[in-house]
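Peer 1: Use the sequences and the hints to build the structure in full.
Residue numbers (our numbering), protein chains in the order written: chain H, 1 to 85; chain L, 1 to 85; chain U, 1 to 766; chain G, 1 to 230.
Since the hints were made in silico from the structure, they are not lab data. The structure displayed is predicted, hence computed values, not measured ones. Check the hints yourself; a few may be wrong.
[What the hints assert, rightly or not] Examples of chain L residues toward chain H, derived with CB under 8 Å:
# : residue
1 : LEU16
2 : LEU28
3 : ALA51
[Claimed, not checked] If you want the footprint, here are the derived chain U segments under chain G, 3+ residues with CB under 8 Å:
# : segment
4 : 156-167
5 : 429-436
6 : 442-456
[To be verified] Once the Cα atoms are required to be at most 16 Å apart in a straight line, the calculated EDC-like pairs of lysine to aspartate or glutamate come out as:
#  : chain 1 : residue 1 : chain 2 : residue 2
7  : U       : LYS515    : U       : ASP390
8  : G       : LYS2      : G       : GLU27
9  : U       : LYS515    : U       : GLU550
10 : U       : LYS514    : U       : GLU385
11 : H       : LYS22     : L       : GLU48
12 : G       : LYS35     : U       : ASP343
13 : G       : LYS35     : L       : ASP26
14 : U       : LYS515    : U       : GLU385
15 : U       : LYS204    : U       : ASP298
16 : U       : LYS301    : U       : GLU351
17 : U       : LYS341    : G       : ASP36
18 : U       : LYS341    : L       : ASP26
19 : U       : LYS428    : U       : ASP659
20 : U       : LYS336    : U       : GLU258
21 : U       : LYS301    : U       : GLU362
In this text, a Cβ means the ideal position worked out from N, Cα and C, and glycines have one as well.
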Amino acid sequence: MTRFVVSVHIVPRQGLLDPQGKAVADSLRTLGFAGVRDVHVGRHVVLELDAADAASAERAVREMCSHLLANPVTEDFELAGVRPA
Amino acid sequence: MTRFVVSVHIVPRQGLLDPQGKAVADSLRTLGFAGVRDVHVGRHVVLELDAADAASAERAVREMCSHLLANPVTEDFELAGVRPA
Amino acid sequence: MTTHATPRPGDPAITPALVAEHGITPDEYDRVVAMLGRTPTLTEIGIISALWSEHCSYKHSRPVLKTLPTQAPWVLQGPGENAGVIAIGDGLAVAFKIESHNHPSAVEPYQGAATGVGGILRDVFTMGARPIAMLNSLRFGSLDTPRVRYLVAGVVKGIGDYGNCVGIPTVAGDVMFDAAYEGNPLVNAMCVGLLREEELIRAKAEGVGNPIIAVGARTGRDGIHGASFASEDLSAETEAKRPRVQVGDPFTEKLLLEASLELIRSGHIVAIQDMGAAGLTSSSAEMAERGDVGVTIDTMKVPVREAGMTPYEILLSESQERMLVVATRGREAEVKAILAKWDLVAEVIGEVIAEPVYRVTEGDRVVAEFPGTRLVTDCPQYHPEARESDAAIERRTRDVAAIAEQPEEADPIWTLTRLLEAPTIASKRWIHRQYDSTVRTSTVAGPGHADAAVIRIRGTRKAIAVKTDCNGRYVYLDPRVGGRIAVAEAARNVACTGATPRAITNCLNFGNPKKPEVFFQFREAVYGMGDACRALETPVTGGNVSLYNENPQGAVYPTPTIGMVGVLDDAAHATRMTFTTPGDAILLLGEPREELGGSEYLAWIHGTVAGAPPACDLDAEKALIDAILEAIRAGHVRSAHDCSEGGLGVALAESCIADETHPLGAEVDLSAWPALSRRALLFGETQGRIIVSTSDADAVTAIATRHGVPVYRIGTVRLATDGLTVQVGASRWTAPLATLADAYHGAIPRAMSRAAAETVGTEGVA
Amino acid sequence: MKVGVVSFPGSNCDEDALLAIVERLHESAVLLWHKDHDLQGADVVILPGGFSYGDYLRSGAIARFSPIMQEVVAHARRGGPVIGFCNGFQIACEAGLLPGALLRNVSLQFRSMPVTLRVETSQTVFTNAATAGARLTMPIAHGDGRFTADADTLTRLESEGQVVFRYVNAAGEPTEAANPNGSMRNIAGVCNPGGTVVGMMPHPERALEPLLGSTDGLVLFESLLASVKA
Ligand SMILES: Nc1ncnc2c1ncn2[C@@H]1O[C@H](COP(=O)(O)OP(=O)(O)O)[C@@H](O)[C@H]1O
Ligand SMILES: [Mg+2]
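Peer 2: Shown next, in the form of structure tokens:
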């Protein structure tokens, strides 16, 4: 068993209203960051876990995402990185 | 001006209690993912913005993070990627 | 006796600099050396710095606090415990306490306010009471600055998220905005709980051999030194202490609440206390002191969140959602089983011992040892010098009648509308609609409905009424009078709902007590509170002192926040503040006077805080309270609303428009006081006045007269479409209700909508 | 009738729901512990409000995996009545008992206030004693109440009569101003195709007594009683 750090992005599904992203974009423009076009806010989940190898760590995390971490109705997920701890 | 997509990770500062991470870790273990050691839940912010070049897009986003996006008392941030849109 | 403790390898040498860094004065250090008969260890220095901080020791305030009345037949528990307790009949009792989280909220508004709510909840449920209501008393600088809006948004969200998640309704409070609070917001949270008298449990360690158990969340490095932090002025250096903030976990708190109440009812434990400020140190030392017993604690047995924590860190950590329990020997397994049911940890970390010492070990090594309970009892007490500041005297004695009216004031509706949009007066709905006020299905009158919140007591006909109050401007201008008014106003608010005021808790928010002018304010304000508590028969059952609320620009207004609890024998008598029925008579109980000093009118319209605050005649207040209670109980009162900030004019307008879904108009004639200036009549803040609407003016008049309370029929409730009409002598003005309502309900939402830009970092958890 | 009210860790309206059944309806009710696999013979299950597991990841996401939920889902599949209030609605969606999801209020703020609902169908176990079009006033108290579903699901919900309640103004119109959380089509509550499982963000259990300001929640419980006793 090796310890791995796996990180995932869980993002609101394209096309859904993202009030948080909109609030951030508005605020940034109010603060003078005029170049801001669009903002989306999702979750960044970092998991430390023991697994036989990187591939099985990744497999386990994908399963966690589809089971619990992401809502299949409104969210998409993507693995952002797998590295030994 | 070019359009860039910059993504940032905003994570709870080390050492501070992360109730969300703890709840998720507990729940994953209950679900049978016994190998889970630790979980931290942060935010994944994706910004689309116009800037002269990648370096200035990055500079702008760093400033946004320290000004608004991250809570300097409880969170740390890191740039996760800069790419042309 | 001499005590023994050895420094840990790697501990720094005990130097004057290290002692000073811990906020311990050279004199205090000498006392410690004398007590121990040797040089203290680093761990001991840490313990002393926490326990002898103002926050834990009350070293500057205790002698003055002792003057407050604390007794009445219904008081079951006065000051000195986690919360005060009063009997309300039927074998039931109410536990309540208020506490400040000012400094943490100034640094991190969301977590600071949230953990303030968490702490005060634990104070109440450790008495064996189930929390049934939360209140919050807030003071901020001007809403015109982004920093203040950021603080408001964060504090309100923090209070809401925590209380909402635990499932305790937040039902009342008070909020004022004034530049005096600019760098130092005040965040005071109050909790009220219900218990059966026989379930009352005290935090007193007893029984040699009984195990001491740490319960709840694990201990991390957060908030180390929060208690001494709460006893310093805010400065640039404070900013550097930021990582000391604590993060709250209301979900764990909810589990801890259920587990603690189950533990208390199980009979397996003898004492329980929150690990609040200064964490394990203060909870264990205080429990030992109350029981006059010795204790020993092994820091290696404390469940920790992070590896490598030192005894110093474990003892001083302010990790939230933790409790210290003294169990009956032999029942450890039962205690653990109850905690396990709620998915929480419980570990035996020490024991009550016969030997009169307070001892901390790390495994076998003794790292701190103090004789007997002297750690608590030997803390020095100070009697600082008190002198009124010249600036306050100058302001009080200024002739405010000489302040010229602005041209627009020729139309008093203009002035009234401006006052209704003053954030201190305007509807606080933007705030309290973020608070779940109806969970527990017992809220008879929630925030914004009545002068105080009314919560029914299930299984009885009874209800309680609760409210916080304090006008710091009055206290600043005249501390003694201001202290009296704070109590009198809270009592009046509670009485307006039909409840008999019974007792108070208080949170004394002041500046640096070492400054003579601050200590003068403190002493006089407490004396004033005492005067009022005696006159109104509302003893003090507990409270909290928050000093050093100042920054380089100066101290906050002295703000002794009062949390009042009253009892209604019949919940059906609960009375709201807004008019209910067109055609009802409008009566004024009490007498207007030429008193503009300290008013919101002067502050908001003229930018002036000056003049003597309104007088406070405590006998008249008592008579007024008795009269309104009798009238309400006789069933004659349709609405009752006291006159406070903004005076009679604002109170009348509020009676018309505060209930947005059911506005009503009024026609009022105030010609009976030709000797008064129009602005004092309309906007002066003379105390002891209540606006009543009734279908039986004669009956209310007879009751008031019998109590010696002046009473005037000043008008009639009208339809909303009639607006609010006010006549003084030959002049008559009418305001459409929509104008008044827009000012009153729209002011804070409009100000805060500008805040979006500043609040994103306050997201907190989902 | 016997009602089972699930206590998840972090539920805080479980006692309110229990007392509503016992004190207002004078029917029997039991708390069902989340770690158990036993519905204790309950005819009806209430998923109460609160913050199950702190709602830390997503409202209702973790609660859905509680042992008791397996039994609740099985009960629902057998046609047994289940109603979720507030957090209970969120849990029911996460568990797949109801379509859609409840996202953060569009204001990004918690909202605690009375709302007016329009009953959209009386063809459910919980609304059969009400008339379609009737208006009910009751409190909401939530931060994540924005009902969201994809276009196909929405179309199906509308055409199959699965929208149970909508937020409306005083005139009975589903306007944007009357919508406290930005939910799609002002939806406040939905049901399964059989009308046996209902989820709603408002709290009818807080609107059962004149002393507390509204008795409009009673009709849901009366409907339930009528169907179970029938
Ligand atoms: N922070 C708050 N939280 C909850 N309720 C509040 C808060 N501030 C004010 N309120 C409510 O708004 C109403 C008006 O409060 P306040 O202006 O202090 O009344 P008064 O002037 O009569 O003392 C009361 O019902 C009070 O409980
Ligand atoms: Mg007021």
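Peer 1: Next step is simple, just say for each hint if it's right about the structure.
Peer 2: Quick rundown of the hints versus the structure:
no.	hint	in the structure
1	LEU16	violated (14 Å)
2	LEU28	holds (6 Å)
3	ALA51	holds (6 Å)
4	156-167	holds (count 7)
5	429-436	holds (count 5)
6	442-456	holds (count 4)
7	LYS515/U with ASP390/U	holds (13 Å)
8	LYS2/G with GLU27/G	holds (7 Å)
9	LYS515/U with GLU550/U	holds (11 Å)
10	LYS514/U with GLU385/U	holds (8 Å)
11	LYS22/H with GLU48/L	holds (12 Å)
12	LYS35/G with ASP343/U	holds (11 Å)
13	LYS35/G with ASP26/L	holds (14 Å)
14	LYS515/U with GLU385/U	holds (8 Å)
15	LYS204/U with ASP298/U	violated (20 Å)
16	LYS301/U with GLU351/U	holds (12 Å)
17	LYS341/U with ASP36/G	holds (12 Å)
18	LYS341/U with ASP26/L	holds (15 Å)
19	LYS428/U with ASP659/U	holds (12 Å)
20	LYS336/U with GLU258/U	holds (14 Å)
21	LYS301/U with GLU362/U	holds (9 Å)
The structure is inconsistent with the numbered hints 1, 15, although it conforms to all the rest.
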